[in-house]
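Protein chains: 4
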Amino acid sequence: MSIKKKKYSIKPEEEFQDLGFGVKVANQSERLINQDGSFNVERRGLPFFQSLSFYHSLLTISWWKFNLIIVISFLVINTSFASIYILLGIKNIEGITSKTFVGNFFDAIFFSSQTFTTVGYGAIHPVGFWTNIVASIESMFGLSGFAFATGLLYGRFSHPNAKILFSKNAIVAPYKDMYAFEFRIANARKNQLIDVEVQTILSLKEQIDGRIVKQFHELKLERTKVNFFALSWTIVHPIDKDSPLDGLHYKDLIDSDAEFLILLKAFDDTFSQLVHTRFSYKFNEVRWGARFKNIFVDDKPGITAIDLEKLSDLEILNSTVSGNN
Amino acid sequence: MSIKKKKYSIKPEEEFQDLGFGVKVANQSERLINQDGSFNVERRGLPFFQSLSFYHSLLTISWWKFNLIIVISFLVINTSFASIYILLGIKNIEGITSKTFVGNFFDAIFFSSQTFTTVGYGAIHPVGFWTNIVASIESMFGLSGFAFATGLLYGRFSHPNAKILFSKNAIVAPYKDMYAFEFRIANARKNQLIDVEVQTILSLKEQIDGRIVKQFHELKLERTKVNFFALSWTIVHPIDKDSPLDGLHYKDLIDSDAEFLILLKAFDDTFSQLVHTRFSYKFNEVRWGARFKNIFVDDKPGITAIDLEKLSDLEILNSTVSGNN
Amino acid sequence: MSIKKKKYSIKPEEEFQDLGFGVKVANQSERLINQDGSFNVERRGLPFFQSLSFYHSLLTISWWKFNLIIVISFLVINTSFASIYILLGIKNIEGITSKTFVGNFFDAIFFSSQTFTTVGYGAIHPVGFWTNIVASIESMFGLSGFAFATGLLYGRFSHPNAKILFSKNAIVAPYKDMYAFEFRIANARKNQLIDVEVQTILSLKEQIDGRIVKQFHELKLERTKVNFFALSWTIVHPIDKDSPLDGLHYKDLIDSDAEFLILLKAFDDTFSQLVHTRFSYKFNEVRWGARFKNIFVDDKPGITAIDLEKLSDLEILNSTVSGNN
Amino acid sequence: MSIKKKKYSIKPEEEFQDLGFGVKVANQSERLINQDGSFNVERRGLPFFQSLSFYHSLLTISWWKFNLIIVISFLVINTSFASIYILLGIKNIEGITSKTFVGNFFDAIFFSSQTFTTVGYGAIHPVGFWTNIVASIESMFGLSGFAFATGLLYGRFSHPNAKILFSKNAIVAPYKDMYAFEFRIANARKNQLIDVEVQTILSLKEQIDGRIVKQFHELKLERTKVNFFALSWTIVHPIDKDSPLDGLHYKDLIDSDAEFLILLKAFDDTFSQLVHTRFSYKFNEVRWGARFKNIFVDDKPGITAIDLEKLSDLEILNSTVSGNN
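Residue numbers (our numbering), protein chains in the order written: chain Z, 1459 to 1783; chain E, 1459 to 1783; chain W, 1459 to 1783; chain S, 1459 to 1783.
Source of the hints: derived by calculation from the structure; they are not laboratory data.
Don't take each hint at face value.
Put simply, identical chains are the same to the list, so a pair is met inside one copy or across any two.
[Stated by the list, open to error] Derived lysine-lysine pairs resembling DSS-like cross-links, with alpha carbons at most 25 Å apart: (1) 1663 / 1678; (2) 1648 / 1523; (3) 1663 / 1758; (4) 1621 / 1648; (5) 1683 / 1723; (6) 1663 / 1683; (7) 1634 / 1663; (8) 1621 / 1723; (9) 1758 / 1740; (10) 1751 / 1663; (11) 1648 / 1723; (12) 1751 / 1678; (13) 1699 / 1683; (14) 1751 / 1621; (15) 1678 / 1626.
Pulled out of the complex, with its shape left as it was, chain Z reads as follows (with noise of 0.2 Å):
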């Protein structure tokens, strides 16, 4: 063949991929990303077991809730074991005195707990074959084990962990001589944060050749990038006759399923390494005709503080902003 030309007719598919998402158009409280930064999408098909996801729960869930899972797993593996000398013959263990079922299981506990953490004090020892093997298996599980949570706890601690903190609502508010899209950001962790940068896309539903499909538009920021991120960030996407917003009514965000995607990366100076954050405010989280309040604390002499808890402080102004301009 040579290649024949074609009438023109778009490939949506293709066409809107900015950002990895589809074209489908669902229910009209779809959110693209979700508050935690997570993607509000499904993947079918993927293997049964994934590692990962082991793994990471491990890396990122709370300091309470992993120790109690250290602490339940060496219960669980030390009854089991224990049940298994039980089942091999406790005769098998020397150095046990209880004549009870139950302080023998006790005993078979406590000599698997010495045999798992390799304490291996002596009195209480395996004599038995089979015992023997098991009480093997069971020391080397134990270094095993303990290896596995070595791995766990350094990954846990060298793990960068930053979270920014969002303001609540993004504003539409007065700015110069027109109006811009405004929300604040914070680090809420002590991380040394340098080098951010942002960028917001505009989700909006719109009818193409007569297919309703979603379109992503770029929002232009006046600062995209700053050095330090030391205190607070007020990101501005002033809305001028270039902006995607430009004579866009509140009514139309509704109509049109509007979603504002952010997409933050930064350097962890205190873990050296590279950050991305999501987040996204829907058409009902943008409030028009506000302000956001002052952020700064002005008791202290000599030095420069701010009140994370007023992030998301609004001043409402007295114009009539929402609706239209």
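Assemble chains E, W and S onto chain Z, guided by the hints.
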């Protein structure tokens, strides 16, 4: 075949190393990049011992094999040390009660295992000089072994294991008012990949100064980067008049032993690391006049879902694209 | 003071956040970046418990303190568990020979230490139910503790500890046919730093719309990057007519509370990681009419040598630069 | 003051620090970059204790030396503690059966080793107060030591150990209708290197304002980057009329003490890390009128193979290149 001749005199070795491949032309079926992303090349003269391959293999083999290797190593080490203890004389270990050789051997194994894991109950313990020395070495060996295992386990977990699924075939399909070379990819892991960049290079045998050499042409993509990679992505190279594919027939691709080399770079947000993948399509893995079927699943409200098993599904078009003009 | 007034109406909060600092103007002596590279700011409302500061402190304190903490922790844990064993009744530990309370307490400490380190000789071993339980907990605690220590030790060693020495003073010195703002840096570690980039920003208080706010001006450097950083590097900002320093007197710098903020980025070739450093010179740390003395040492043939102790050495010029016109 | 004009007078220290080297001119045989990639410079005044060199040495020495150090440390520590136990009185260790001093000393060593590795059989165990204290310290020391070894082992394995082979000589060879400066490199490790970038800088002694100073000139390369580095790569600097080498004779290179500095940057795909290498050719390591022999091996169908041992193989050309052109 319609290979173009170029006039200027060049030194091919320098000219065609865009990709770090040479210009040697071997038999027709050769491919430069294997489907697992490795290069189909050989470097001789490398030093015999390369610790990397050993350690790196242990990092990347399946958990099933990894655990098997750990268990077998444990058994081999234990048996070896037990043999040494037997050779040194079983009487140098106190607490042995068996009278038979087999019984002694197993006792030696139990002693060895209690030493290797440092559980050291003490009911069996070394008394002879050399047995003490060997036991001392074994316990040190044991701790080193588990130090090694700790590193391996952490390495296995913290190593980004990005895996990109490529559609089984690339296609040449109608696109806008022309044709396009396309293939489709999806993330086969739960890892979050962002800032995904793709580069596609066409390798062709061409005749230059009477010599047949490999030429590399970058294919211009409609989009080379996506911010997110939450779903699937169809990469599109429009075959316009600047494309090296312009005017080529399927037979030309056969004659010039065409291979489409894919380089993919992404940031693994889960492991905070850059990952790279390679893939290639040989001419016979490209389907002409086909289109990728819809991968989206529409049965769940409020969420965008795809089915990875449909990634390679093609729809054959009724036009007469494939084969010849 | 000669602070210029600007006419247009702006919202200072957005306008001046180039560096992520606000515009609050506090007392004169305030500096934005401390000499150790930390920011002189405060963020309130952070959650009380921040594991980072704990772990990160353990990573960055001196070895002397680190080892002291390890030893004290070991002592405290041992003594605590010993107290519990005493409370549970010393008769529940078999092998105790002391008759006095103090003797018993030390025996409990020895038992505790043998349990915590999992050495478990067994000559002293638990017999009572609760003592067995506590000993089991302690041995698990011990292994966890050393798992933690392993991670910490690795973290301490693998964490890049780049340290840049900055000359005590910056200078304003004759340069070509004009003057230049200069400072000198050197690498205080044996780490190999490459691709070193410097950015210098001048912070000035200026009067805008009757409000006094902080303004940030980037200073154009003669060279912003060096490939190697094997020796010292004198960073030079020529004060040409585009420089924000052009026409300013020393008194102007005092009046506008000038601070020169230095941002430095480098690749640590030894640890294969990107490192960042910050520093600042306040107006009173800038010497006018001085020049850096030669830092090269010339007594060894075949090698280029510098002496870090000469980094801040200045030569006062006889011209009448400092003070006033 | 206001800044005054001054007659142009070059300050060489700032002018020529493109590479972070100074301009001091020492004896002829000096080179800036050693063949192992280290800098031939010295920084004095560094703090005496630099933990980096200790840890980093342990990371990069050969496995043979590393294991030797581990074994020797184990022996030294064991013997030292054994001596302490002897000093404290052998009677404070129960279970010692030897009657001679040498026998006691070896028993003390066995006890020490059982304590250090925490195997703690218990057949020999401490009874005296101070012996108990020291044993407690030793067991803690032992665990710390193996924690340290764990970190080291992981560090050794996870540290990218990229090694680039450079051809023994650089060449000046005919190239198209002119000449070119060339050298050839190959990857000496099994690691996969991608996105390899090369920068070549020529260092020359030149006379400026009557002073002899070092000048650095970047050499424009025909290609500065390859995507893959699966085989070998010949780096080519065409000596056109813009080249600093244009018109220079071999004798000129001698007179100006020429050194070709090579900086190489690559992404190690195996370890997911950026790696850097440096190399240099002095004027007497450049062969004029030679060409690199073919490195490809042609004896295996279906695979492209090179032989690393041919990397430096040269073919002397019959033309009269050296001397002048």
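Intra- versus inter-copy proximity for residue 1626 and residue 1678 (alpha-carbon distance at most 25 Å): within (21 Å within a copy, 39 Å between copies)
Identical-chain pair category, residue 1751 with residue 1678, by Cα at 25 Å: Intra 24 Å, inter 35 Å, cutoff 25 Å: intra-copy only.
Identical-chain pair category, residue 1621 with residue 1648, by Cα at 25 Å: both (10 Å within a copy, 21 Å between copies)
Same-copy or cross-copy closeness of residue 1751 to residue 1663 [CA-CA at most 25 Å]: between (32 Å within a copy, 23 Å between copies)
Homo-oligomer pair classification [residue 1723, residue 1683; C-alpha up to 25 Å]: both (9 Å within a copy, 16 Å between copies)
Intra- versus inter-subunit Cα pairing at 25 Å for residue 1663 with residue 1678: Answer is within: at 20 Å inside a copy they meet the 25 Å cutoff, but 29 Å across does not.
Homo-oligomer pair classification [residue 1683, residue 1663; C-alpha up to 25 Å]: between (29 Å within a copy, 22 Å between copies)
Copy assignment of residue 1634 with residue 1663, given that the CA separation must stay at most 25 Å: Result: close only across copies, 22 Å inter versus 30 Å intra.
Alpha-carbon proximity context of residue 1758 and residue 1740, limit 25 Å: This pair counts as between: shortest inter-copy Cα distance 20 Å, intra-copy 38 Å.
Alpha-carbon proximity between residue 1663 and residue 1758, which holds within one copy, between copies, both or neither at 25 Å: between (49 Å within a copy, 19 Å between copies)
25 Å Cα threshold - placement of residue 1723 relative to residue 1648: both (17 Å within a copy, 20 Å between copies)
Homomeric proximity label, residue 1648 with residue 1523: Cα distance no greater than 25 Å: both (22 Å within a copy, 22 Å between copies)
Checked against the numbered hints above, the structure violates none of them.
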